[in-house]
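Here the protein sequences line up with chains A and B, keeping their order. The opening position of the first sequence corresponds to residue 1 in our numbering, with each subsequent residue numbered one higher. The opening position of the second sequence corresponds to residue 1 in our numbering, with each subsequent residue numbered one higher.
In short, the hints are calculated from the structure, not lab data. Every residue, glycine too, gets a C-beta built ideally from N, C-alpha and C. Be aware that a few hints might be false.
Derived DEER-like restraints, expressed as beta-carbon distance ranges [stated by the list, open to error]:
#1 B/59 <-> A/7: 19 to 25 Å
#2 B/62 <-> A/9: 24 to 30 Å
#3 A/72 <-> B/61: 43 to 49 Å
#4 B/62 <-> A/2: 18 to 24 Å
Spelled out from the first residue to the last, the chains are:
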Amino acid sequence: GDSVTQTEGQVTVSESKSLIINCTYSATSIAYPNLFWYVRYPGEGLQLLLKVITAGQKGSSRGFEATYNKETTSFHLQKASVQESDSAVYYCALSMNTGGLSGKLTFGEGTQVTVIS
Amino acid sequence: EAAVTQSPRSKVAVTGGKVTLSCHQTNNHDYMYWYRQDTGHGLRLIHYSYVADSTEKGDIPDGYKASRPSQENFSLILELASLSQTAVYFCASRAGLGGEDTQYFGPGTRLLVL
Numbered sequence: 001g002d003s004v005t006q007t008e009g010q011v012t013v014s015e016s017k018s019l020i021i022n023c024t025y026s027a028t029s030i031a032y033p034n035l036f037w038y039v040r041y042p043g044e045g046l047q048l049l050l051k052v053i054t055a056g057q058k059g060s061s062r063g064f065e066a067t068y069n070k071e072t073t074s075f076h077l078q079k080a081s082v083q084e085s086d087s088a089v090y091y092c093a094l095s096m097n098t099g100g101l102s103g104k105l106t107f108g109e110g111t112q113v114t115v116i117s
Numbered sequence: 001e002a003a004v005t006q007s008p009r010s011k012v013a014v015t016g017g018k019v020t021l022s023c024h025q026t027n028n029h030d031y032m033y034w035y036r037q038d039t040g041h042g043l044r045l046i047h048y049s050y051v052a053d054s055t056e057k058g059d060i061p062d063g064y065k066a067s068r069p070s071q072e073n074f075s076l077i078l079e080l081a082s083l084s085q086t087a088v089y090f091c092a093s094r095a096g097l098g099g100e101d102t103q104y105f106g107p108g109t110r111l112l113v114l
């Protein structure tokens, strides 16, 4: 089946430093998946951070960026300068809109990001 | 902003007991989902529904039932709760396939089975 891998379970980074969270995917369909980053702040539900549905395109939101790379099947999340308010759990996910009824999301394991001052 | 609420937010249940988790959405969305998350794992799909009075199995449906009595409400039922069902449960909604595919999540329910 489809799968998403995030290699870092926890990341600690100092305020104003850069952040990168790695995400790679595997999709069984010949079609390209839609790719998402969701974020979960403490005490809240998951919320969409950004999404990209076209290979080669970049998505951005709140200073975060991610580029859909179909050659390396990657969708890494980056931010040039983090703030304490960016402390959260970040999830990479994919969905396939090639048929079937579920429209489900397949998630990576999540990366806990802690920003220290 | 889309709104999905869940109740209860946390629950302690006994092994073998019945547990019902509730989800309510005000987005007028067709699709609703139940996911579970275990520590160190991503969210996994338990059940979903694309129309009232109908539910479908997801990837890990064993030990769970679902009910969609109306477009707005979607419940997850554990008839005989087990220790292995301790997890955080998330409900989500989205518009129908072919349209906007963003899923909107509730805050989660933390379930502890003792």
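Here is how each hint holds up against the structure:
no.: 1; hint: B/59 <-> A/7: 19 to 25 Å; verdict: holds, 22 Å
no.: 2; hint: B/62 <-> A/9: 24 to 30 Å; verdict: holds, 27 Å
no.: 3; hint: A/72 <-> B/61: 43 to 49 Å; verdict: violated, 34 Å
no.: 4; hint: B/62 <-> A/2: 18 to 24 Å; verdict: holds, 20 Å
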